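**Student:** Chain by chain, the residues run as shown.
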Amino acid sequence: MSPPPISLLAIYGLFFRIGAFSFGGGLTGWVYREVVVARQWMEEEDFLSGLALSQITPGANIANICIFVGNRLRGASGAVSALLGLLSAPFFAVIGLLSIYETIQSIGWINAALDGTAAAAVGLLVLMAWRSGRRAGGKLSSAAIIFATFIAVGVLRWPLVWVVLGLAPISVALAWPRGDKNAG
Amino acid sequence: MQDKDAIWPLIAVFVPFSLASVGGGTSIFAGIQHQAVDVQHWVTSEQFVEMFAISRAAPGPGSMLVTLIGWKVAGWIGALTATLALFLPSSLLIFGIARVWSRFRGRAWHTALEYGLAPIGVGLTLAGVLAIARIAGFGPLGWAVAGGSAVLLGFRPKTHPLLLLAGGALIFALWQTIVIGAPPTQMTALWSFHG
Chain X
1 MSPPPISLLA IYGLFFRIGA FSFGGGLTGW VYREVVVARQ WMEEEDFLSG LALSQITPGA
61 NIANICIFVG NRLRGASGAV SALLGLLSAP FFAVIGLLSI YETIQSIGWI NAALDGTAAA
121 AVGLLVLMAW RSGRRAGGKL SSAAIIFATF IAVGVLRWPL VWVVLGLAPI SVALAWPRGD
181 KNAG
Chain L
1 MQDKDAIWPL IAVFVPFSLA SVGGGTSIFA GIQHQAVDVQ HWVTSEQFVE MFAISRAAPG
61 PGSMLVTLIG WKVAGWIGAL TATLALFLPS SLLIFGIARV WSRFRGRAWH TALEYGLAPI
121 GVGLTLAGVL AIARIAGFGP LGWAVAGGSA VLLGFRPKTH PLLLLAGGAL IFALWQTIVI
181 GAPPTQMTAL WSFHG
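Protein sequence lines correspond, in order, to chains X and L.
If you count the first sequence from 1, position 28 lands on 28 in the numbering used here, and the numbers rise without skipping.
If you count the second sequence from 1, position 95 lands on 95 in the numbering used here, and the numbers rise without skipping.
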């Protein structure tokens with residue numbers, strides 16, 4: 001399977017835009033939308049399993065998933081392009097903001113607006129969950145795993161690593177018949 | 001205190017944090033604060049709080065906080081060093097995992113792992129929504145905007161993300177100016193993060 005001819009500039013450009021507008025985090029939903037839905041650079045499960053790996057390994061989730069995607073698309077140079085794209089705007093933005101902090105601190109609506117972008121970004125995440133839940137095609141086990149993970153880590157705030165170590169074997173076992181079928 | 005000799009301490013302090021930041025950047029902030037303020041005396045407690053607020057207000061991962069600490073310690077070189085020290089080790093690790101991962105694509109067991117890990121990825125992401133909500137101190141307005149944007153995307157999946165984010169920003173800014181007129185939310189955000 002030869003990788004699709006996606007230019008390094010396109011990878012850099014996509015992650016530059018995501019990096020430049022990722023206020024308050026939570027923009028993996030945007031990455032999903034661009035990479036899986038809009039451009040169809042990656043398959044759904046391919047991306048989502050990468051997302052799981054990105055979250056259980058150390059590092060910022062958004063940086064990890066962009067390296068995962070970059071590597072899938074163009075190998076090492078793709079991963080470097082993606083990470084550079086993601087970090088170049090924020091790098092200069094934080095340093096720039098430091099010098100004008102005193103000024104903006106007194107402007108309440110700027111901070112409110114930034115919180116607003118974070119809130120709106122949640123919609124992208126919900127869309128991702130809804131689409132992948134639907135795609136599971138009434139597969140109750142997938143929905144149950146999504147729900148169990150959410151409750152354990154999000155609501156009960158159990159340690160992420162232990163939750164994943166506990167749930168992953170169950171989830172993989174439930175998925176095993178599908179894996180066999182798909183691999184033919 | 002622009003000190004070129006501070007380059008190595010920056011690396012020595014931030015590289016371990018890079019590999020300890022399981023579950024995203026926020027898990028290491030308390031440790032970074034301890035190191036930068038109490039142990040290394042790179043910044044004062046007030047400066048750290050200010051930098052935390054700035055890194056939240058700026059685009060990009062919240063862990064760009066270390067870029068600012070590096071900047072304070074040794075200017076551009078310090079900023080670059082601190083950023084690389086925090087992002088490079090974890091990036092190399094996920095890169096290695098991604099390499100191994102994609103080498104086995106197509107095998108039956110790999111497909112099963114993929115299908116098994118996908119719902120966990122989604123569940124963790126949804127859990128991340130709650131973490132974002134906690135840090136940002138989401139009130140009813142935050143949840144309303146989040147829900148509204150989800151519903152809008154449900155009906156119009158092609159809505160451009162920037163339009164969505166701008167809409168959220170506009171609603172919050174208007175609410176702040178017209179309805180509340182209160183001081184900014186960054187400080188409450190910081191306290192909810194510590195608590």
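None of these hints come from the bench; they were simulated from the model.
Remember, it's a predicted structure, so these values are computed and weren't measured experimentally.
Don't take each hint at face value.
Across the chosen pairs, the derived CB separations fall in these ranges [to be verified]:
| no. | chain 1 | residue 1 | chain 2 | residue 2 | range |
| --- | --- | --- | --- | --- | --- |
| 1 | X | Arg39 | L | Leu170 | 25 to 35 Å |
| 2 | L | Ile178 | X | Ile100 | 41 to 51 Å |
| 3 | X | Pro177 | L | Leu170 | 43 to 53 Å |
Interface residues of chain X toward chain L, partial, derived using beta-carbon atoms under 7 Å [as the list claims (entries may be wrong)]:
| no. | residue |
| --- | --- |
| 4 | Glu45 |
| 5 | Ile62 |
| 6 | Ser99 |
| 7 | Ser171 |
Counterexamples of contact, computed for chain L against chain X with all Cβ distances above 10 Å [to be verified]:
| no. | residue |
| --- | --- |
| 8 | Ala6 |
| 9 | Ile11 |
| 10 | Val37 |
| 11 | Gln40 |
| 12 | Thr44 |
| 13 | Trp71 |
| 14 | Ile77 |
| 15 | Ala79 |
| 16 | Glu114 |
| 17 | Val151 |
Every residue gets a Cβ at the ideal spot worked out from N, C-alpha and C, and that includes glycine.
**Student:** It remains to establish, for every hint, whether it holds in the given structure.
**Tutor:** Evaluated hints:
no.	hint	verdict
1	X:Arg39 to L:Leu170: 25 to 35 Å	holds (28 Å)
2	L:Ile178 to X:Ile100: 41 to 51 Å	violated (25 Å)
3	X:Pro177 to L:Leu170: 43 to 53 Å	holds (48 Å)
4	Glu45	holds (5 Å)
5	Ile62	holds (6 Å)
6	Ser99	violated (10 Å)
7	Ser171	holds (4 Å)
8	Ala6	holds (17 Å)
9	Ile11	holds (16 Å)
10	Val37	holds (17 Å)
11	Gln40	holds (19 Å)
12	Thr44	holds (14 Å)
13	Trp71	violated (6 Å)
14	Ile77	holds (12 Å)
15	Ala79	violated (6 Å)
16	Glu114	violated (4 Å)
17	Val151	violated (8 Å)
In the structure shown, a violation is registered for the earlier hints numbered 2, 6, 13, 15, 16, 17, in ascending order.
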